[in-house]
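Engineer: Listed here are the chains, written in short residue letters.
Number of protein chains: 2
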Amino acid sequence: MPNYSTPLRDLRFVYRELLDPGVMQGLPGCEEVTPDLVMAILEEAGRFCEERLQPLNRSGDEEGCSFDGGRVSTPTGFREAYRQFIEAGWTTLYGSPEYGGQGLPKFINMMLEEIISSANFSFGLYPGLTNGACSAIERYADAALKQRFLPNMIAGKWSGAMCLTEPHCGTDLGMVRTRAEPQADGSYLLSGSKMFITAGEHDLTENIIHLVLARTPDAPRGTQGISLFLVPKIKVNDDQTLSGANGVSCGSIEEKMGIHASSTCVINFDNALGWLVGELYQGMEAMFVMMNTERLAVGIQGLGIGEAAYQGAVAYARERVQGRAFDASRQTEGEADPILVHPDVRRMLLTMRAYTEGNRALAGWVARELDRSLRLEDPRARRDAADFVALMTPVVKAFMTDCGFEAANIGMQVYGGHGYIREHGMEQFVRDARIAQIYEGTNGIQALDLVGRKLPAHAGRYLRQFFHPVQYYLQEKANDVSMQSFQPPLAKAFGRLQRATAWLAQRGMQNPEEAGGAASEYLRLFALVALGYLWMRMAEIGIRERDGAEALFYRAKVATASFYFERILPQSGALFAAVMAGSKCMMSFEDDAF
Amino acid sequence: MPNYSTPLRDLRFVYRELLDPGVMQGLPGCEEVTPDLVMAILEEAGRFCEERLQPLNRSGDEEGCSFDGGRVSTPTGFREAYRQFIEAGWTTLYGSPEYGGQGLPKFINMMLEEIISSANFSFGLYPGLTNGACSAIERYADAALKQRFLPNMIAGKWSGAMCLTEPHCGTDLGMVRTRAEPQADGSYLLSGSKMFITAGEHDLTENIIHLVLARTPDAPRGTQGISLFLVPKIKVNDDQTLSGANGVSCGSIEEKMGIHASSTCVINFDNALGWLVGELYQGMEAMFVMMNTERLAVGIQGLGIGEAAYQGAVAYARERVQGRAFDASRQTEGEADPILVHPDVRRMLLTMRAYTEGNRALAGWVARELDRSLRLEDPRARRDAADFVALMTPVVKAFMTDCGFEAANIGMQVYGGHGYIREHGMEQFVRDARIAQIYEGTNGIQALDLVGRKLPAHAGRYLRQFFHPVQYYLQEKANDVSMQSFQPPLAKAFGRLQRATAWLAQRGMQNPEEAGGAASEYLRLFALVALGYLWMRMAEIGIRERDGAEALFYRAKVATASFYFERILPQSGALFAAVMAGSKCMMSFEDDAF
Chain A
3 MPNYSTPLRD
13 LRFVYRELLD
23 PGVMQGLPGC
33 EEVTPDLVMA
43 ILEEAGRFCE
53 ERLQPLNRSG
63 DEEGCSFDGG
73 RVSTPTGFRE
83 AYRQFIEAGW
93 TTLYGSPEYG
103 GQGLPKFINM
113 MLEEIISSAN
123 FSFGLYPGLT
133 NGACSAIERY
143 ADAALKQRFL
153 PNMIAGKWSG
163 AMCLTEPHCG
173 TDLGMVRTRA
183 EPQADGSYLL
193 SGSKMFITAG
203 EHDLTENIIH
213 LVLARTPDAP
223 RGTQGISLFL
233 VPKIKVNDDQ
243 TLSGANGVSC
253 GSIEEKMGIH
263 ASSTCVINFD
273 NALGWLVGEL
283 YQGMEAMFVM
293 MNTERLAVGI
303 QGLGIGEAAY
313 QGAVAYARER
323 VQGRAFDASR
333 QTEGEADPIL
343 VHPDVRRMLL
353 TMRAYTEGNR
363 ALAGWVAREL
373 DRSLRLEDPR
383 ARRDAADFVA
393 LMTPVVKAFM
403 TDCGFEAANI
413 GMQVYGGHGY
423 IREHGMEQFV
433 RDARIAQIYE
443 GTNGIQALDL
453 VGRKLPAHAG
463 RYLRQFFHPV
473 QYYLQEKAND
483 VSMQSFQPPL
493 AKAFGRLQRA
503 TAWLAQRGMQ
513 NPEEAGGAAS
523 EYLRLFALVA
533 LGYLWMRMAE
543 IGIRERDGAE
553 ALFYRAKVAT
563 ASFYFERILP
573 QSGALFAAVM
583 AGSKCMMSFE
593 DDAF
Chain B
3 MPNYSTPLRD
13 LRFVYRELLD
23 PGVMQGLPGC
33 EEVTPDLVMA
43 ILEEAGRFCE
53 ERLQPLNRSG
63 DEEGCSFDGG
73 RVSTPTGFRE
83 AYRQFIEAGW
93 TTLYGSPEYG
103 GQGLPKFINM
113 MLEEIISSAN
123 FSFGLYPGLT
133 NGACSAIERY
143 ADAALKQRFL
153 PNMIAGKWSG
163 AMCLTEPHCG
173 TDLGMVRTRA
183 EPQADGSYLL
193 SGSKMFITAG
203 EHDLTENIIH
213 LVLARTPDAP
223 RGTQGISLFL
233 VPKIKVNDDQ
243 TLSGANGVSC
253 GSIEEKMGIH
263 ASSTCVINFD
273 NALGWLVGEL
283 YQGMEAMFVM
293 MNTERLAVGI
303 QGLGIGEAAY
313 QGAVAYARER
323 VQGRAFDASR
333 QTEGEADPIL
343 VHPDVRRMLL
353 TMRAYTEGNR
363 ALAGWVAREL
373 DRSLRLEDPR
383 ARRDAADFVA
393 LMTPVVKAFM
403 TDCGFEAANI
413 GMQVYGGHGY
423 IREHGMEQFV
433 RDARIAQIYE
443 GTNGIQALDL
453 VGRKLPAHAG
463 RYLRQFFHPV
473 QYYLQEKAND
483 VSMQSFQPPL
493 AKAFGRLQRA
503 TAWLAQRGMQ
513 NPEEAGGAAS
523 EYLRLFALVA
533 LGYLWMRMAE
543 IGIRERDGAE
553 ALFYRAKVAT
563 ASFYFERILP
573 QSGALFAAVM
583 AGSKCMMSFE
593 DDAF
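Protein chains in written order, with this note's numbering: chain A, 3 to 596; chain B, 3 to 596.
In case anyone wonders, no lab produced these hints; they're calculated from the structure.
Errors might be hidden in some of the hints.
Said to hold, decoys possible - Each computed EDC-like pair below joins lysine to aspartate or glutamate, with the alpha-carbon atoms no more than 20 angstroms apart:
#1 LYS586/B - GLU208/A
#2 LYS237/A - GLU208/A
#3 LYS479/B - GLU89/B
#4 LYS586/A - ASP329/B
#5 LYS586/B - GLU568/B
#6 LYS148/B - ASP187/B
#7 LYS586/A - GLU568/B
#8 LYS586/B - ASP187/A
#9 LYS148/B - GLU19/B
#10 LYS148/A - ASP205/A
#11 LYS159/B - GLU89/B
#12 LYS159/A - GLU208/A
Looking at chain A on its own, in the form it has when it is part of the complex (with noise of 0.2 angstroms):
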């Protein structure tokens, strides 16, 4: 297995000299956010993660989850694990005070959702599933529900799912079976059942908070009718003590690809006791809650694995001596040189490093803005945060969980014919990166969204603040000429992103049949011109900072700038030449003839 090390380094890169730590640290609640605090909570959580998680990675993956009876028990080593995870705290980092949590920014917990990915992709979902749960609870729950199941849920004693998806429907939930039948006392009796639920069921936690999504008897057909119910496995008495079993059971787990350590349910409701989230048939807004904190998570889950799976290329590229260096001076004294030397094989690895630093900047982005649209006072610049929140959003989760899985496949690659045994790890990676392009949405609904509903929001207002920053900046470095190697490629790619929008905004509206064709290819032009931007920025950092102390460091994020503008930037011309093709092609070919 790939010996995975915190890359501490480069996350106070991000955190401390790309982005501005003084914002966050002006934030109200943020005030002891120091710097230094949170240097020292990222430190703690790798030591964490590369000691107590990375371990049971691959043998969680051999052993995987096991079923018996409707019980599904963890791989060995996940329960004790799991109990440090909590003892520690590190469920409790941004939860409301009120109910026991630190309070701390997200910010702080999507680096360490980066960092458990990393070293165990598959034991960060159960936290992970119960942050989205604890994130609906809170903003859509009443005071009694809060009081009654957050406690719990923060400190990590009792976990949360999301019970969405049913055999015959996933991405359209309009279609959703599930009943939820009132009863006097204003809860309600849950009858149907889910599939797909990540977490639905496990020995790590003595209860497990469903929240699913029904319909009542009355309920307007489609989205219009759906409502959101929390149901937990274990009835829970007032006082937040257990009381007895729900009707709440775990029908199967699925055989999968990958992720095998965690637990995937089929979930089955026999008139189990529930309680509304929020206002009744407005359950896709409250999911939408849990689903965007999530998909901001799983686009994480991409960076972390990619972090990991290059990590263990380099590892091997220094070990692993076959053929000669074509340079002289690179040759050593063996029988053959480390493939490091070999241009095509730093071609990989620099692949993957310059989409991991990107993700990770541009992962620092996205939290930093979702601090504050949770936290400023002032209601326009909350806004003017939540809005590039939901911009982004879905180009996190797709962007970022496509380069988790090129990059580990890059990586499974550099080890050849040894990546593709199961020895060292390199596999194992690729197959748990791969369920992230699809679940939370897949990769393609995620498109859809960005074109869709992000774009033509409130005529295209949210588009601003992605737009305006890299513009300004582009404008500002019109003249450096230290920038003249990345401010002339980065406008011309701006200017494509530009035009395709304009195109997009234009023909989309008249036949969304255009929006939808051009969505996948829109969305990675869209990313690479984000990374681009963020690259711009690190390296004009890197720049100035190359001659002094840590001058290795700052040299390499000018080169991996460079990399990332030579030999990724360019594909922004095939991409908007794919999305002014239209979608005519697609549209007229005869359904027969597929």
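With chain A held as given, fit chain B onto it using these hints.
Structural biologist: Relative to the frame of chain A, chain B by itself:
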């Protein structure tokens, strides 16, 4: 499991319409290979693969090969299927009639390989490796060895394996340590350990004939001292009867990401009796004959799995209802519409289709030239054909396996969460397809072969066999109005390829690191142009025939060609930019900074 159906119509299109079947029939020894005979063989092969091999694909993956005390068992049903396979004569198609083969052109065998790879990728590796071994024996072994081994190998009673890799060397075979001690009677005793030996041990045949790279005691260092030996698992008498065990044993089999039904073995040689194949120290040359046969076969594996994934995805897109069509005229009466109506789903399907049908045409073209190179009487024409095959082999291997993996992943994506679970078989395609990018020389090695060996060979002579037909065709169609949406973009992409080639020829000569750094992107650029050329030719046929009896088929050809030109071929611009950026940003990256 998706229900695979042999694409006979498209195989016929490639063979009878795109390529001239008269060329094949005009070759010496092929006078009786009529188009009807070819199609009858393919029909029968398709039936066999659909009925006998496909049903074992998923069960073979689940059960896998097992290892017990040196014995390897293939999954349930494989022995019986293999027996039927050889009884039906499928291993004998292109072997020499002198040794019991049917002497058919390799073209037919390559189409058979596509069908087998679609139906059961793992199964195909057993006869596939035998093919490669037979090629080398037929070309390099002396008459006695041929007589003793080929008849039973061609009949499929004995299988073949290629023993190249050792734990410390795969790509760099100059480091091979396996020893061959010469004996007084001209035979050798081999000792050493080989790994990653596909079909190195199994229970399908009574004997396994290993072709082993090894080093004699006085051999020069490096690849110049490598020789090729034939080493049977069971010794064989002159009359082809089995004698007794040889010093060949299987130490273990690998746990892999996929191709679980194919055994991947550690093979130990302990004073095992063997014979030299070809000249002493000429092992690499003989090995490359075998390897090139395999490289084409591996490219075709990518094609086969892409076709299977495409068919699975189309079936699901027709039956899965989810969401509403944007266009009211496509809406059904049900609660939702089949996902085939969604532009992004069609984009995914057409991407798979454009790669798969394009690659089928490419495989057909290369296969035809392979037969011409082996059978034409005019030495210059033979050489030209051989040049073309040599040039295209790394392109076929790398690009077609990359497309196979991409198609498998797209197919899985169409299924959403249902693709990630094992039940539907889509994730198996991804796991199986992944090996093809790695074995028989990683795709990075293929790219280096193209730029480092094939381009410079004989001052660019190989290249003319590809550039000239493309150039002539572009000139011929320059003023053809029916081709106006194809000719200019292909001319543009071809221009990029020409410039990139000239740049590589100049810079790569001076500094091999420039060639190495550009290789992967150059290979893909090359392949996109090759597919562009073939898609334009296919579009031309489609346009000519689209009002005839099979209008739907030909209209689909034209539409898929349009999709390829609008959506995929523009990638040539980004690849060109990456090549021309040079390798400086990679080579100047400091080793310690990785």
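Engineer: For a C-alpha distance cap of 20 angstroms, please report whether LYS479/B and GLU89/B respect it.
Structural biologist: Violated, at roughly 49 angstroms.
Engineer: Just to be careful, I want the Cα atoms of LYS148/B and GLU19/B compared with a cutoff of 20 angstroms; is the pair within it?
Structural biologist: Violated, at roughly 38 angstroms.
Engineer: Are the Cα atoms of LYS237/A and GLU208/A separated by 20 angstroms or less?
Structural biologist: Distance ~11 angstroms between LYS237/A and GLU208/A Cα, so the pair holds.
Engineer: Taking only the CA atoms, is the gap from LYS148/A to ASP205/A under or equal to 20 angstroms?
Structural biologist: violated (24 angstroms)
Engineer: Check whether the Cα positions of LYS586/B and ASP187/A lie no farther apart than 20 angstroms.
Structural biologist: Between LYS586/B and ASP187/A the Cα gap is close to 72 angstroms, so the pair fails against 20 angstroms, i.e. violated.
Engineer: Would you check the hint for LYS148/B and ASP187/B, treating anything up to 20 angstroms between C-alpha atoms as holding?
Structural biologist: OK: LYS148/B and ASP187/B at ~18 angstroms, within 20 angstroms.
Engineer: Verify the proposed pairing of LYS586/B with GLU568/B, using a straight-line Cα cut of 20 angstroms.
Structural biologist: violated (32 angstroms)
Engineer: Is the hinted pair LYS586/B and GLU208/A satisfied, with a Cα-Cα distance of at most 20 angstroms?
Structural biologist: violated (57 angstroms)
Engineer: With the threshold set at 20 angstroms, check whether the alpha-carbon distance from LYS586/A to GLU568/B stays at or below it.
Structural biologist: Measuring from Cα to Cα gives roughly 10 angstroms; hence the hint holds.
Engineer: For the pair supplied as a hint, LYS159/A and GLU208/A, confirm whether the alpha-carbon distance does not exceed 20 angstroms.
Structural biologist: OK: LYS159/A and GLU208/A at ~7 angstroms, within 20 angstroms.
Engineer: Please work out if LYS586/A and ASP329/B have their alpha carbons no farther apart than 20 angstroms.
Structural biologist: holds (13 angstroms)
Engineer: Within 20 angstroms, alpha carbon to alpha carbon, are LYS159/B and GLU89/B?
Structural biologist: holds (10 angstroms)
Against the hints set out earlier in the document, violations occur for numbers 1, 3, 5, 8, 9, 10.
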